[in-house]
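Asks: Here the structure of chain A is known, so what remains is to put chain B in place on it, guided by the hints.
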Amino acid sequence: IAVGERIPDGELSYFDESGAIQSIKVSDLTSKKKVVIFAVPGAFTPTCSSKHVPGFIDKADELKSKGVDTIACVSVNDAFVMKSWGEALGVNGKILMLSDGNGKFTRDLGVTVDLSDKVEGLGVRSRRYSLLAEDGIVKVLNLEEGGAYTVSSADEILKAL
Amino acid sequence: LALQEARTWDQGLESQFATTPLSQIFKDKRVVIFGTPGAFTGVCTKGHVPSYTKNVEQLKSKGVDSVICVAVNDPYTINAWAEKMNAKGKIQFFADFDGGFHKSLGLECDLSKALLGLRSQRWSAFVDDGVVKVLKVEKVPSELKVSDGETMIKAI
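Those sequence lines, one after another, are chains A and B. Using the UniProt record's numbering, you'd call the opening residue of the first sequence number 1 and step up by one each time. Using the UniProt record's numbering, you'd call the opening residue of the second sequence number 1 and step up by one each time.
Extracted from the complex, chain A is given alone in its bound form:
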């Protein structure tokens, strides 16, 4: 995926406020909207939990005041894990915690990182990134190598808005 391209369609899942599991098409998520999507290699891992998600929780209101309709977090984890992790981090509805359970959306974006030969027990996951899409077209893309945390923070997206 690169700036200027349309985000490939895909299906992600999440738990809604009533506690029901839902599927959402990426095209529906992004169509006619200004959407921030950021991805983490793994729920319940340090940088993801202590820096990346909290950064977006902190800046959520500011992002919304600049016209962002939806802020979504994506990870190659199932929806149950994403829901529980979101609760543990105090997301409180500010971020849509989306599951790319089988990794297909992440693969279609071309942003996988294969951690299978590493010892941490994570397998194929997503590289860390954040992006801004308007009506499905990528306007800003901050993609990290693997799980590094240098350009993909909420602050960087704010600067671009």
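Derived from the structure by calculation, the hints contain no laboratory data. Owing to the predicted nature of the structure, the values given are computational and were not obtained by experimental measurement. Glycine included, C-beta positions come from ideal geometry on N, C-alpha and C. Please note: incorrect hints may appear among the correct ones.
As the list claims (entries may be wrong) - Here are some, though not all, of the chain A residues that point toward chain B, as calculated from beta-carbon distances under 7 Å:
(1) S13
(2) D78
(3) V113
(4) L115
(5) V124
Replies: Only chain B this time, still in chain A's reference frame:
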């Protein structure tokens, strides 16, 4: 074949993400082990794990050395789940992070329709020095009829 003990990332770093060989878990030990299809999912959290955490003493009084919960999740997710259930000090949790352990037992299960991907059946076993003495596998992973702690106490 190995499993990863449920732990935080920092604990993993300290141990250099060491895996635990099956021999270390099973050799010369009497082990009750049960498999849950998914951390943080309904039956696993509300039914299956509690049926073991509240029966640990009964199992130990039958000579069981360890009670272990295993799931096809990464070790950090399982650790967070175990802590959320207040189960961490009561029984052990291991991660079959790539599903290899369950495949070797023929207990893998495709739960893609439930948006979970390749996981495991719901099952329980009593293993004495590596030999399976009791094995209970649910007909469908959403059920909890034969693989719970109470049934295991009676079966040993």
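Asks: Please list, smallest to largest, the hint numbers that this structure does not respect.
Replies: 3, 4 and 5
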